[in-house]
Amino acid sequence: MPDVTTPTREVFRNFPFLMQLIFYVVGFSAIGVFLHGFYRRIQKYRKGRPAGRFNHLGQRFLKAFRIMLTNATVFKRDAYAGAAHWMIF
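Residue numbers (this note's numbering): 1 to 89.
Derived by calculation from the structure, the hints in this document are not laboratory data. If a hint is listed, it holds; no wrong ones were tucked in.
Computed beta-carbon distance windows for the label pairs:
1. 49 with 81: 32 to 38 Å
2. 25 with 59: 52 to 58 Å
3. 40 with 65: 36 to 42 Å
4. 29 with 66: 51 to 57 Å
5. 81 with 19: 54 to 60 Å
6. 65 with 9: 57 to 63 Å
Ideal Cβ positions, reconstructed from N, Cα and C, are used throughout, including at glycine.
Please take these sequences and the hints and turn them into a complete structure.
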């Protein structure tokens, strides 16, 4: 049971009922729009096919390790930046 001597404030003090109603309608509408968008995004994701991320694990690991050691993606974009990254490593 809350202590009655604790100072608090009334949440909607001096707000008429219509303003309180508008507040709740807008608030719940915003939540509804969010949930609808979330539902649509989940439906879109479920239409896709499986990515197959767990096939050829050995090959994938070796390729990722090679790219990491050689900084191949950085070299593709900018040779000077790739060389600088390679010298740091």
